[in-house]
Amino acid sequence: MLINFNAKRQSQQSLAIYSGEVHCNETVMLAFRSLCTLISVCVALIAPLHAATGMAEPLPLNQLRYITEHSPPHNFVENGELQGPAVDLLLAATAKAGSPLNKSDILVQPWARGYRNALEGPNTVLFNTIRTESRETLFKWAGPTGTERYVIVAPRKNNLHIKTAAELSQYRIGAIRDDAGEYYLRELEIPKHVITLANNVNYLGKMLKAGRIDMWAFGEDGWQQALEDSGIDSKNYEVVYVLKTNDYYFAFSLDIDDKVVAAMQRGIDAVIEGRIKSSNDSKD
1319 MLINFNAKRQ
1329 SQQSLAIYSG
1339 EVHCNETVML
1349 AFRSLCTLIS
1359 VCVALIAPLH
1369 AATGMAEPLP
1379 LNQLRYITEH
1389 SPPHNFVENG
1399 ELQGPAVDLL
1409 LAATAKAGSP
1419 LNKSDILVQP
1429 WARGYRNALE
1439 GPNTVLFNTI
1449 RTESRETLFK
1459 WAGPTGTERY
1469 VIVAPRKNNL
1479 HIKTAAELSQ
1489 YRIGAIRDDA
1499 GEYYLRELEI
1509 PKHVITLANN
1519 VNYLGKMLKA
1529 GRIDMWAFGE
1539 DGWQQALEDS
1549 GIDSKNYEVV
1559 YVLKTNDYYF
1569 AFSLDIDDKV
1579 VAAMQRGIDA
1589 VIEGRIKSSN
1599 DSKD
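Residue numbers (this note's numbering): 1319 to 1602.
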């Protein structure tokens, strides 16, 4: 009998190759399973870290906490209803941004309390807030929403004529705590011992009337109404010095996502552009 050794050898080689292929395939599959397991572990570890580091989907504008104060004529309560151009702009801007608010969503608090709440957050918006250099990094900003000139008010009977900021150091000056008036006095390096701070307007008005302070730092648009609301005849008082002019903004607590602030800014811009267009059309 003749044995075909060549055929036998080829058969052995084919078997060896096939065995190698099987071994190779098993190795690839094992590596693939290991890779899948590693990816699953990484996803499981990253997911809670993603949420814990605040990377979750940001809250929409109408889910934030909004705080304002009673400060005519910009934002005030009359007959139990919150009113004023700053309130109107907020409602219109959030509507334009697709996240509308109601007046009932807005809290009214004394300025000092609202300011602290906005600093601490979370998810808090304070208005109207003067944007000063010292506040720049304390909040995120959308606006401007208006302009205000801060002044020094004193009794007419005192016949004061203030020419320079340095002269203010001779007088006792009242200001709302954490209000722009306080910051402007600090910028002018007015000594702390002549500055009296209070949490509400009524208290300072009564101190001014009683002669316990000589002057009062407040916004030019609102000081007369603030005195009248305190039961004081504003005609007996006058502006004796101008501190500074600056813009109002919506101040966002720092934890709020930049995209949310940008959405508010787009809403404000859209409202203002619409008002300008409407004004121009009415002139034609």
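Keep in mind that the hints were calculated from the coordinates and are not lab data. What you are looking at is a predicted structure, and each value in this text was computed from that prediction instead of being measured. Errors might be hidden in some of the hints.
[As the list claims (entries may be wrong)] Under the rule of at most 25 Å between Cα atoms (straight-line distance), these lysine-lysine pairs were calculated in the DSS-like manner:
1. Lys1481 x Lys1414
2. Lys1527 x Lys1510
3. Lys1475 x Lys1524
4. Lys1414 x Lys1577
Check the hint pairing lysine 1414 with lysine 1577 against an upper bound of 25 Å on the C-alpha distance. Holds: lysine 1414 and lysine 1577 sit about 15 Å apart, inside 25 Å.
Q. Lysine 1527 and lysine 1510: Cα distance at most 25 Å?
A. Holds. Lysine 1527 to lysine 1510 sits at ~22 Å (cutoff 25 Å).
- Item | Straight-line alpha-carbon gap lysine 1481 to lysine 1414, limit 25 Å | Answer violated: lysine 1481 to lysine 1414 is near 46 Å, above 25 Å.
Worksheet item: Between lysine 1475 and lysine 1524, is the straight-line Cα distance small enough, at 25 Å or below?
Response: holds, 16 Å
In this structure, the one hint that does not hold is number 1.
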